[in-house]
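Colleague: So the sequence lines, in the order shown, correspond to chains A and B. One rule links them: number in the numbering used here = place in the first sequence (from 1) + 769. At position 20 of the second sequence the residue is numbered 12 (the numbering used here), and the sequence of numbers has no breaks.
I should point out that these hints are in silico values taken from the structure, not numbers from a laboratory. Note that the Cβ used here is the ideal one computed from N, Cα and C, for glycine as well. Incorrect hints may have been included.
[Said to hold, decoys possible] Partial selection, computed: residues in chain A whose CB lies under 7 Å from chain B:
| hint | residue |
| --- | --- |
| 1 | Arg773 |
| 2 | Ala776 |
| 3 | Tyr778 |
| 4 | Asn784 |
| 5 | Arg788 |
| 6 | Thr809 |
| 7 | Ala815 |
| 8 | Ala816 |
| 9 | Phe824 |
| 10 | Pro826 |
[To be verified] Coverage of chain B stretches by chain A, computed from C-beta distances (three or more under 8 Å per stretch; other residues unrestricted):
| hint | segment |
| --- | --- |
| 11 | 10 to 16 |
| 12 | 96 to 104 |
| 13 | 112 to 124 |
| 14 | 142 to 152 |
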Amino acid sequence: MDNRILAKYIFDEANEEERAAVEQWLSENPERGEELKQLTERLDLAARRYRPDTFVPDTRIFHRKSRRVQRLIRYVAVAVVVLVTGLWLLLHEAPGKDVMLVCRADETREFYLPDSSVVTLSGTSKLVYTPRYGKRFRKVSLKGKAFFSVRKDLEKSFIVQTSTINVKVLGTAFQVQADASAAEVMVERGRVKVTTTRGKQECILQKGMSASYKTSEPELKVSPEFDANRIGWKTGVFRFKDTPLAEVIRELNLYYQVKMALPDEYDSSRITVSFDKLPLKEALEIINQTLDIELVLPAATGTSSAE
Amino acid sequence: MTASNSDILESKFKELYRPLCLFALNYTGKYEDAEDIVQQLFAELWERETAGKLEVVNVKSYLYTAVKNRGLKFIQRARAVQPIEDVGEVAADDNSDEEVLRTEREARLWNWIDELPTERRNIFLMAKQRGMKYKEIAGELGISVKTVENQMGKALQSLRAKVIKIYLFFFGRLE
């Protein structure tokens, strides 16, 4: 239906002929009546309280507090943590005792290592290091998933041991996910060297690269790409950057174990958005917010007509 | 590290500022008061974040709840000093999820109006908000009725384009 004529119909400007045409069009399919009803409701809601140039977010409001103070406080906070961690280690870590860092299934926790490298554990992960950490190497062993932000120290390599591989860090930030028989490494920043425990296969990963290994197919596989969302389907953390909406939907399907399909004509819509472990409904809401569209779930489509 | 907290707060600010203002407006009835509530809230959160005392867990529902509480407080205070009818209508309390969804939809529709080209936006608002006939609009703007028709058609077209339906077939859990 021609929008000009439909608008005239809605705004009561249509002549006899146009009105008849619209009513004919409406009668051909009951869904059209629903669409018309939704449209008029939206028009009402849109205009009800609208004021131009109103309620526009202005981040200047947000930065009233000076960044400088904030940074200072952050440094102090970090210093305190490092100090406390250091003291604690000094007092409690008599030589010979391993330190085990753990984290519950439903949480993500950040720990400072003695050299103030930061490790973020998630899920039921376990990270162990010995009192010799930092003597010659900075060696930790991991079961589970961890993100490392490693303090640069060219003298002392940082090494993550898992059952199947060792990851030696030459640079800064990366993620390791490992269980007894498989491991995956993704490098966000810097460079790491991966060595398999058995067979001593080696590779060096640069920023953005990943490697995987499993004992059932004992070949260290290196991928030149690092699609952040490859972890997303496991972690629920997605970073989409100018990604086709259809692809976003596919990824969400994987994570949420649902099957959503996008009408073809919207395949090419692109979106930049991130989700952190959100319920599906909220994820869709964010897409709606971002693209300013209305994604409708079928459970709701029965009622969406009654919105 | 903590940087992400302020990033989250800032992105939530950009994302939710408008719907939260509209949500506050449900209570205050006055645009400036609504905006004050939301700005004040974010300023306080920012302060807490700066002091490292902000835990970000389910920010969104926290924000809506906070705005609602402040809105209700606003009404109480306002009632003490002015006749009730001057205070914005209190939204029915039965289903605040519904209220939030509606407010968010309204905010999206505001975005839609904002994005219309200036002339089209003016024409639309004259027709919809001021209830003017096409002929009156054409007269006031010194343009032809045909132009008004075309602009209204294009406005409607862009609104229709916003309603996408995604069909879901569940074979697993939801959420």
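Colleague: Each of the hints needs a verdict: does it hold here or not?
Modeller: Evaluation of the provided hints:
1. Because the smallest distance between the Cβ of arginine 773 of chain A and any Cβ of chain B comes to about 3 Å, under 7 Å, the interface hint for this residue holds.
2. Hint status for alanine 776 of chain A: holds, given a least beta-carbon distance of 4 Å to chain B, under 7 Å.
3. Evaluation of the tyrosine 778 of chain A hint against chain B yields a violated restraint, the C-beta minimum of about 10 Å exceeding 7 Å.
4. For asparagine 784 of chain A, the suggested interface contact is broken, since its CB lies about 11 Å from the closest CB of chain B, more than 7 Å.
5. Taking 7 Å as the C-beta contact cut-off toward chain B, the hint placing arginine 788 of chain A at the interface is violated, the least distance being around 14 Å.
6. Interface restraint check for threonine 809 of chain A: the shortest CB-CB distance to chain B comes to about 10 Å, outside 7 Å, so the restraint is violated.
7. Evaluation of the alanine 815 of chain A hint against chain B yields a held restraint, the C-beta minimum of about 4 Å falling below 7 Å.
8. With its C-beta approaching chain B no nearer than about 4 Å, alanine 816 of chain A sits inside the 7 Å limit, and its interface hint holds.
9. Look at phenylalanine 824 of chain A: its Cβ gets to within about 4 Å of chain B, closer than 7 Å, so that hint holds up.
10. Contact between proline 826 of chain A and chain B, as hinted, is supported at the beta carbon level, the nearest pair being about 4 Å apart and thus within 7 Å.
11. Using a Cβ-Cβ cut-off of 8 Å, 3 residues of the segment 10 to 16 of chain B lie near chain A, which meets the minimum of three, so the contact claim holds.
12. For a cut-off of 8 Å, the count of residues in the segment 96 to 104 of chain B with a CB near a CB of chain A stands at 9, and the three-residue condition holds.
13. Coverage of a stretch by a chain is defined here by at least three residues with a beta carbon nearer than 8 Å to that chain's beta carbons; for the segment 112 to 124 of chain B and chain A the count is 6, and the condition holds.
14. Residues of the segment 142 to 152 of chain B lying with their CB closer than 8 Å to a CB of chain A number 9, which satisfies the three-residue condition for coverage.
Hints 3, 4, 5 and 6 from the earlier list are contradicted by this structure; the remaining hints agree with it.
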